[in-house]
Amino acid sequence: MARSKYSSRKIPDKCRKCAMLNADLAKEIHGQTGDNCWDLKVCYSRRSHARHRDKRNQARALKRASIVALDYFC
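Each step along the sequence shown adds one to the number in the working numbering, with nothing skipped, and position 53 is 59.
Hints in this document: simulated from the structure, not taken from any laboratory.
C-beta atoms are modelled at their ideal positions from N, C-alpha and C, and glycine is treated no differently.
Be a bit skeptical, because a hint or two may be false.
[Stated by the list, open to error] Calculated cross-link-like contacts (lysine-lysine; reagent style BS3-like; alpha-carbon spacing at most 27 Å):
(1) K33 <-> K20
(2) K61 <-> K47
(3) K47 <-> K20
(4) K69 <-> K33
(5) K16 <-> K47
(6) K61 <-> K20
(7) K69 <-> K47
(8) K23 <-> K47
(9) K16 <-> K61
(10) K20 <-> K69
(11) K33 <-> K61
(12) K33 <-> K23
(13) K47 <-> K33
[As the list claims (entries may be wrong)] Here are the computed distance ranges between Cβ atoms for each label pair:
(14) G40 <-> K69: 17 to 27 Å
(15) E34 <-> L68: 20 to 30 Å
(16) G40 <-> A71: 27 to 37 Å
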C-alpha cells in the first residue's frame, strides 16, 4: 500500500534524544568534534519539532474533537 504524501515520518531516535539536550551540548556531541552529524540547516528546526510535536499534536486533536462536537450539535 502506498503512503500518502502527507503521512508522517518517524523522527530518528538519535534526533529525538539530541532534541532533549541543550544546543551547546548537542553541537559538541554531534558537531565536528563528535560524530559530525550536526547540520546547521536542519538541526535547529528538527530539534524544535521533536521537542514540541507531542504538545502540538494533542492541541490539534482537541481542536478537531471540538469542531466535530460542534458539527454534531448544530
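So, going through the hints one by one against the coordinates:
For a cut-off of 27 Å, the pair hint linking K33 to K20 stands: about 13 Å separates their Cα positions. For the suggested pair K61 and K47, the alpha carbons sit about 24 Å apart, so the restraint of at most 27 Å is met. Between K47 and K20, the direct Cα distance comes to roughly 17 Å. Compliance with the 27 Å bound is thereby established for this hinted pair. Among the hinted pairs, K69 with K33 is inconsistent with the structure: their alpha-carbon atoms are about 36 Å apart, more than 27 Å.
Restraint check for K16 and K47: satisfied, since their Cα atoms lie roughly 19 Å apart, inside the 27 Å limit. Under the criterion of a C-alpha separation no larger than 27 Å, the hint pairing K61 with K20 is consistent with the structure, at around 20 Å. Under the criterion of a C-alpha separation no larger than 27 Å, the hint pairing K69 with K47 is inconsistent with the structure, at around 32 Å. This hinted pair checks out: K23 and K47 have alpha carbons roughly 19 Å apart, not beyond 27 Å.
Restraint check for K16 and K61: the C-alpha separation of about 16 Å stays at or below 27 Å, so the hint holds. The hinted pair formed by K20 and K69 fails the criterion: a straight-line CA distance of about 31 Å is larger than 27 Å. Between K33 and K61, the direct Cα distance comes to roughly 25 Å. Compliance with the 27 Å bound is thereby established for this hinted pair. With a C-alpha separation of about 13 Å, the suggested pair K33 and K23 falls inside the 27 Å cut-off, and the hint holds.
About 13 Å separates the Cα atoms of K47 and K33, which keeps this hinted pair within 27 Å; it holds. Distance hint for G40 and K69: a CB-CB separation of about 39 Å, inconsistent with the stated range 17 to 27 Å. In this structure, E34 and L68 break the distance hint of 20 to 30 Å, their C-beta atoms being roughly 38 Å apart. Between G40 and A71 the Cβ separation comes to about 43 Å, which falls outside the hinted range of 27 to 37 Å.
When each numbered hint is compared with the structure, violations occur for hints 4, 7, 10, 14, 15, 16.
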